[in-house]
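Chemist: One line per chain: the protein sequences are A and B, in this order.
Letter 51 of the first sequence, counting from 1, is numbered 51 in UniProt numbering, and no numbers are missing.
Letter 20 of the second sequence, counting from 1, is numbered 20 in UniProt numbering, and no numbers are missing.
No lab work stands behind these hints, which were simulated from the structure alone.
Predicted model only: the values in this text are computed from it and were never measured.
Zero decoy hints are in this set.
Label pairs and their computed distance ranges (CB to CB):
| id | chain 1 | residue 1 | chain 2 | residue 2 | range |
| --- | --- | --- | --- | --- | --- |
| 1 | B | GLY39 | A | ASP100 | 37 to 47 Å |
| 2 | B | THR313 | A | PRO143 | 54 to 64 Å |
| 3 | B | ASP52 | A | GLU176 | 31 to 41 Å |
| 4 | B | GLY155 | A | PRO2 | 48 to 58 Å |
| 5 | B | LEU175 | A | GLY182 | 58 to 68 Å |
| 6 | B | GLN210 | A | ALA287 | 50 to 60 Å |
| 7 | B | GLY13 | A | GLU176 | 30 to 40 Å |
| 8 | A | LYS19 | B | VAL53 | 22 to 32 Å |
| 9 | B | GLU312 | A | GLY25 | 30 to 40 Å |
| 10 | A | GLN286 | B | ASP206 | 49 to 59 Å |
| 11 | A | GLY259 | B | GLY39 | 56 to 66 Å |
| 12 | B | VAL53 | A | PRO2 | 22 to 32 Å |
Glycine included, C-beta positions come from ideal geometry on N, C-alpha and C.
Number of protein chains: 2
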Amino acid sequence: MPSPTVASLGEIGLIERLKPYCAVGALGDDAVLMQLSPGRSLVVTTDVLVEDVHFSDRTTPPRSVGWRSAAANLSDLAAMGAAPLGITVGLALPPETPWDWVADLYQGMQDCLEQYGGAIYGGDVCRADQKTVSITALGQVDPQRVIYRHVAQPGQAIVVTGWHGAARAGLALLLEEIAADGVSDPVRQAWIATHQRPRPRFDAVDLLQQMDLTWPIAGMDSSDGLANAVMQICRRSGVGAQIMRSRLPIPPHLSDCVGPELALDWTLQGGEDFELVLCLPPGAAQAFVKRLGGEAAIVGSVTSVTDILLVETEADSHGQPLDSKGFQHF
Amino acid sequence: MPSPTVASLGEIGLIERLKPYCAVGALGDDAVLMQLSPGRSLVVTTDVLVEDVHFSDRTTPPRSVGWRSAAANLSDLAAMGAAPLGITVGLALPPETPWDWVADLYQGMQDCLEQYGGAIYGGDVCRADQKTVSITALGQVDPQRVIYRHVAQPGQAIVVTGWHGAARAGLALLLEEIAADGVSDPVRQAWIATHQRPRPRFDAVDLLQQMDLTWPIAGMDSSDGLANAVMQICRRSGVGAQIMRSRLPIPPHLSDCVGPELALDWTLQGGEDFELVLCLPPGAAQAFVKRLGGEAAIVGSVTSVTDILLVETEADSHGQPLDSKGFQHF
Chain A
1 MPSPTVASLG EIGLIERLKP YCAVGALGDD AVLMQLSPGR SLVVTTDVLV
51 EDVHFSDRTT PPRSVGWRSA AANLSDLAAM GAAPLGITVG LALPPETPWD
101 WVADLYQGMQ DCLEQYGGAI YGGDVCRADQ KTVSITALGQ VDPQRVIYRH
151 VAQPGQAIVV TGWHGAARAG LALLLEEIAA DGVSDPVRQA WIATHQRPRP
201 RFDAVDLLQQ MDLTWPIAGM DSSDGLANAV MQICRRSGVG AQIMRSRLPI
251 PPHLSDCVGP ELALDWTLQG GEDFELVLCL PPGAAQAFVK RLGGEAAIVG
301 SVTSVTDILL VETEADSHGQ PLDSKGFQHF
Chain B
1 MPSPTVASLG EIGLIERLKP YCAVGALGDD AVLMQLSPGR SLVVTTDVLV
51 EDVHFSDRTT PPRSVGWRSA AANLSDLAAM GAAPLGITVG LALPPETPWD
101 WVADLYQGMQ DCLEQYGGAI YGGDVCRADQ KTVSITALGQ VDPQRVIYRH
151 VAQPGQAIVV TGWHGAARAG LALLLEEIAA DGVSDPVRQA WIATHQRPRP
201 RFDAVDLLQQ MDLTWPIAGM DSSDGLANAV MQICRRSGVG AQIMRSRLPI
251 PPHLSDCVGP ELALDWTLQG GEDFELVLCL PPGAAQAFVK RLGGEAAIVG
301 SVTSVTDILL VETEADSHGQ PLDSKGFQHF
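Turn these sequences into a full structure, and let the hints steer you where they fit.
Modeler: Next comes the structure, spelled out in structure tokens:
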């Protein structure tokens, strides 16, 4: 039987079908109540994802759109050092959208929240010409243990979790920009998974909370690219950085597959890996990398000179200015 | 000089220009921190407004779109008995949107928040084919003093704040569905203001908090119409209601202007007046109406029989079933 459209269900019918995906009572009143733990501050972030701008049926099935939408927002919470409480979802849909698409979207969001914590606390649905998913994520944080962009200090090491460029490589595979036969099956699947089902790094946040560190810590997530994250932190902190080319977390096999130049570009500028970029005292940085089981690397250091340079060795103080293409959504 | 478009400003330029409208520090990190008062629960609500579905340049200048978007969300907080903390704004815009439109939108939201409390805590901007404004409002409430839909009890009086139908009449004037010369200038302006700049009823919420009442109280806002609010409360509480036709808050002059039948329809079904519908013990209801200075009326009572009837007199137990057209956004 073909899936009914959202127009045939009507707004009330659609909301009824969405209830099982939401926290109990989430759609019963004008708003929903949530409880913070004592002494915690609320952390809030909003992202809007638009079809054919941020996602497309061509590269991402709706369940993965749901996961990615939730994960991108949760990653912003992780980037502040917060733990997730939940999300609200504002959904604008063309009337001919099949119910199955909506169900898969919500299932994907629920999958992600089940893994990392939190629930869907209702939202809104309405008609539009283009699918738009607007998510607000809510988290809580000990106000003494927040990660901010503006508190980096010269002499600190710059630590990056995970590989960078894998999400971009996964997208390239899905768009057939690069040939799938250039890489082994497991590698291909890992890159595509990084694009479709990114993992917000709450494990790294938990580890930071457990370590004996001086707070606040400087950092942010790398959703708009590794270079962009370094630049944002430096600008907001009034510092500079030296990034060592040889230490960059280029995913294994990427240089072989697309050549060293494009691999470097995707690692620095690819974006959407949703990893963390942190500034820590050198000793703490080493301990952090070790305790995260190698899923992190020290890629450079914070400098008092405000240039941001890509250098060949630690002693090299010239290097090449690192620019960030960032993402311009207009 | 013509206004630059959002495409010519770029995402970064646009965000720079939005900063003055936002809470200090709201756009500097991946997310924003907010502080709840001790012992308060968080209240969250999300609304999506789409151009040509919820608003149109024809009837509503962007500054009023901003006010209405904020007010509609704040009204959902008031409907829960909460006080506003602030909003986040997810904005999807066609690239050719003039900056002036965006500035007016934010100015309107800021106007509303200045009046009722709270600030803009950042958000997101991105490209889309159609203007979409997604607002999440955050509030706080004493968890012992929440207004819910499901706690109405037979014997309670149904109290409604303000006039109903004025927002619909204002829209009709703007759409030229009705002739402007049928009403005096002040009346016309009042109806249009109700449509363009509705007032969330935090004054009524404050009054409820000051009165010696048994909590929780049943109620909701009348954003989808007075009849819809009565029906939602009754359904969720497993009760019915008798609404007295003669007590309905039909705006002065509306019957003269559009005839008694349409006036009744707009009062019951018009929607977007953003008033409150509350269920209170009869004595408390009378005190509430008196203390609100006549800006409220007892329109009927909660019954154990689950029918919802529009009756002529209190003694009339037959009446006419009240149906709610509600709003179906698909």
